[in-house]
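**Q** Sequence:
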Amino acid sequence: MLTAIIDYESGNLHSAEKAFQRMAGEVGGGEVVVTGDADVVARADRIVLPGDGAFPACMRELKGHSGLYDAMVEAVEVQGRPFLGICVGMQLMATMGREYEDTPGLGWIGGEVVRIAPTDPALKVPHMGWNDLVVDNPHPVLDGIETGAHAYFVHSYHVRVTEPGERIAHVDYGSDVTAVIGRDTMVGMQFHPEKSQGNGLRMIANFLRWAP
Numbered sequence: 257m258l259t260a261i262i263d264y265e266s267g268n269l270h271s272a273e274k275a276f277q278r279m280a281g282e283v284g285g286g287e288v289v290v291t292g293d294a295d296v297v298a299r300a301d302r303i304v305l306p307g308d309g310a311f312p313a314c315m316r317e318l319k320g321h322s323g324l325y326d327a328m329v330e331a332v333e334v335q336g337r338p339f340l341g342i343c344v345g346m347q348l349m350a351t352m353g354r355e356y357e358d359t360p361g362l363g364w365i366g367g368e369v370v371r372i373a374p375t376d377p378a379l380k381v382p383h384m385g386w387n388d389l390v391v392d393n394p395h396p397v398l399d400g401i402e403t404g405a406h407a408y409f410v411h412s413y414h415v416r417v418t419e420p421g422e423r424i425a426h427v428d429y430g431s432d433v434t435a436v437i438g439r440d441t442m443v444g445m446q447f448h449p450e451k452s453q454g455n456g457l458r459m460i461a462n463f464l465r466w467a468p
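Numbering (my numbering) for the sequence shown: 257 to 468.
No lab work stands behind these hints: they were computed from the structure.
Keep in mind that this is a model prediction, so the values were computed, not measured.
Heads up, the beta-carbon is just placed ideally off N, CA and C, and yes, glycines get one too.
Be aware that one or more of the hints could be misleading.
[Stated by the list, open to error] Straight line, CA to CA, 30 Å or less: simulated BS3-like cross-link-like pairs of lysine-lysine:
#, residue 1, residue 2
1, K451, K274
2, K451, K380
3, K274, K319
4, K451, K319
[To be verified] Now the in silico label distances, taken between C-beta atoms and shown as ranges:
#, residue 1, residue 2, range
5, A378, V296, 11 to 21 Å
6, T403, G320, 37 to 47 Å
7, P394, G430, 18 to 28 Å
8, A313, P394, 33 to 43 Å
9, G323, N393, 28 to 38 Å
10, S271, V334, 27 to 37 Å
11, G385, G286, 27 to 37 Å
12, D388, S322, 35 to 45 Å
13, E330, D428, 36 to 46 Å
Please model the entire structure based on the sequences and the hints provided.
**A** Structure (structure tokens):
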């Protein structure tokens, strides 16, 4: 089994690579590689799309790497390979991003990426640090994760989903902030599982074992 963590020059992938390799070793998850090679992505059994920075810039970078975007879309949409989006990689799954400029997303999850708007002025944006997950809908990737589990966030925008059933979990930050989305073979996490200690490692292991 091969898991490809897509490298499209949008963030430091070292910690993600180490976390996924560690859990692959523990659960028999096969090989994990960080790659910007479209051919590797095309033959991968699982695909992880990280992302740091602004939605429009990440989408431009992803589409700007020769064949990478098309290989990912083919693998996920046509081949049905399990997919995990992390941080902005999750946001790119939505229909539209509203950060700086309107930018079409992948359209895998209905909804738009909007700025977090806490009702409490004492809560600052970006939303940074640990927060408690509230599980909205059961999902295999959250197996063993219950409401109250901690995860580590660094972001100013989140996905406002169209279909409530596609929001797997949220956190309270002066208002509901989407934390996990998913449908079919696709799942996305707004937080960084590789930085979320035991809970994050469990979710990575669950993803590597997931057989949708």
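**Q** Against each hint, give a clear statement of whether it holds in the structure.
**A** To see whether the hints hold, each was checked on the structure:
1. The suggested pairing of K451 with K274 holds, with an alpha-carbon distance near 11 Å, which does not exceed 30 Å.
2. Simply put, K451 and K380 have alpha-carbon atoms about 21 Å apart, close enough for the 30 Å limit, and the pair holds.
3. With a CA separation close to 26 Å, the supplied pair K274 and K319 stays within the 30 Å bound.
4. Proximity of K451 to K319 is assessed by CA-CA distance (about 27 Å); at most 30 Å being required, the pair is judged to hold.
5. The beta-carbon spacing between A378 and V296, approximately 46 Å, falls outside the hinted interval of 11 to 21 Å.
6. In this structure, T403 and G320 meet the distance hint of 37 to 47 Å, their C-beta atoms being roughly 40 Å apart.
7. Judged by the Cβ atoms, the range 18 to 28 Å given for P394 and G430 holds: they are separated by roughly 26 Å.
8. Between A313 and P394 the beta carbon distance is about 34 Å. The supplied range of 33 to 43 Å therefore holds.
9. G323 and N393 have their C-beta atoms about 34 Å apart, which keeps the hinted 28 to 38 Å range intact.
10. At roughly 31 Å, the beta carbons of S271 and V334 sit within the given window of 27 to 37 Å.
11. Distance hint check: the CB atoms of G385 and G286 are about 33 Å apart, consistent with the given range 27 to 37 Å.
12. Between D388 and S322, the C-beta spacing of about 42 Å keeps the proposed range 35 to 45 Å intact.
13. One distance hint, 36 to 46 Å for the beta-carbon pair E330 and D428, holds here, with the actual separation near 38 Å.
This entry does not satisfy hint 5, going by the numbered hints stated previously; all others are met.
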